[in-house]
Amino acid sequence: MADDKKIKAVKKEGGKKAQDLAGVSALGGVSFFNVAVDEPEGDLELLQVLLDAANVEVDEAAEERKGGAGDLGKAFLSSGNDQLAIIFHVPKALSEAKGVTLQEWMDALLKPVSDKGMKIVEQTDEVAKVTVPANPDAGVFPIKMRDECTACGFAFLREKGLIPQDDSSSDDDVNYAEAAGVEW
0 MADDKKIKAV
10 KKEGGKKAQD
20 LAGVSALGGV
30 SFFNVAVDEP
40 EGDLELLQVL
50 LDAANVEVDE
60 AAEERKGGAG
70 DLGKAFLSSG
80 NDQLAIIFHV
90 PKALSEAKGV
100 TLQEWMDALL
110 KPVSDKGMKI
120 VEQTDEVAKV
130 TVPANPDAGV
140 FPIKMRDECT
150 ACGFAFLREK
160 GLIPQDDSSS
170 DDDVNYAEAA
180 GVEW
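Residue numbers (numbering that gives the first Met the number 0): 0 to 183.
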């Protein structure tokens with residue numbers, strides 16, 4: 000496992016991303032997110048730490064708000080030098096309410112890497128952990144795979160009606176997710 004300084008940075012990123020997601024959800028009703036994260040650097044154990052920090056209940060008395068995304072569907076994608084690591088979290092109540100299973104989302108998001116040595120390390124009803132090794136000789140790079148998976152995940156969420164359609168041509172509309180630094 001990483002040193003304390005790294006773990007602290009990962010927890011901080013998870014807590015802050017969760018606040019961003021919770022804010023976007025409150026403003027726009029979006030409940031599923033594909034999120035690129037940096038601090039875990041492709042390490043699946045650190046990605047679990049990040050997910051735990053994102054799902055923690057918000058401490059209203061704390062000086063800085065963190066966490067609060069435990070009821071949201073999330074796919075955190077982290078690219079490192081050696082691999083792409085992805086952790087999915089789809090709460091059962093959300094899955095039932097929105098009619099989207101963890102497996103459906105995984106299948107869509109992982110489509111670009113299904114033939115690149117992808118390994119499902121662990122899967123439960125609500126959480127799945129996946130790794131995909133880098134293969135520079137074959138042109139398989141984690142950051143590129145992350146972007147391809149994010150695009151496929153976004154397309155799936157849009158197809159399912161879980162992300163609002165961009166039908167307006169008004170310049171006054173604010174993309175709250177983009178403003179919050181959230182990548183679909």
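Quick caveat, the hints were computed from the structure, so don't treat them as lab data. Remember, predicted model here, so these are calculated numbers, not experimental data. No residue lacks a Cβ here, since even glycine has one placed at the ideal position from N, Cα and C. Hints are supplied without guarantee of correctness; some may be wrong.
Calculated cross-link-like contacts (lysine to aspartate or glutamate; reagent style DMTMM-like; alpha-carbon spacing at most 25 Å) [as the list claims (entries may be wrong)]:
no. : residue 1 : residue 2
1   : K91       : D81
2   : K159      : D19
3   : K10       : D51
4   : K5        : D146
5   : K10       : D58
6   : K10       : E62
7   : K128      : E103
8   : K97       : D51
9   : K97       : E62
10  : K4        : D51
11  : K15       : E44
12  : K4        : E62
With beta-carbon atoms standing in for the labels, derived distance ranges [claimed, not checked]:
no. : residue 1 : residue 2 : range
13  : Q122      : D81       : 31 to 37 Å
14  : G138      : K11       : 31 to 37 Å
15  : F140      : G28       : 31 to 37 Å
16  : Q122      : D37       : 22 to 28 Å
17  : G28       : E59       : 19 to 25 Å
18  : V139      : R64       : 24 to 30 Å
19  : K7        : E56       : 30 to 36 Å
Status of each hint after checking the structure:
| no. | hint | verdict |
| --- | --- | --- |
| 1 | K91 to D81 | violated (32 Å) |
| 2 | K159 to D19 | holds (22 Å) |
| 3 | K10 to D51 | holds (8 Å) |
| 4 | K5 to D146 | holds (24 Å) |
| 5 | K10 to D58 | holds (15 Å) |
| 6 | K10 to E62 | holds (16 Å) |
| 7 | K128 to E103 | holds (15 Å) |
| 8 | K97 to D51 | holds (23 Å) |
| 9 | K97 to E62 | violated (34 Å) |
| 10 | K4 to D51 | holds (17 Å) |
| 11 | K15 to E44 | holds (19 Å) |
| 12 | K4 to E62 | holds (21 Å) |
| 13 | Q122 to D81: 31 to 37 Å | violated (22 Å) |
| 14 | G138 to K11: 31 to 37 Å | holds (34 Å) |
| 15 | F140 to G28: 31 to 37 Å | holds (35 Å) |
| 16 | Q122 to D37: 22 to 28 Å | holds (25 Å) |
| 17 | G28 to E59: 19 to 25 Å | holds (23 Å) |
| 18 | V139 to R64: 24 to 30 Å | violated (38 Å) |
| 19 | K7 to E56: 30 to 36 Å | violated (19 Å) |
Hint compliance for this structure: hints 1, 9, 13, 18, 19 are not met, and every other hint is.
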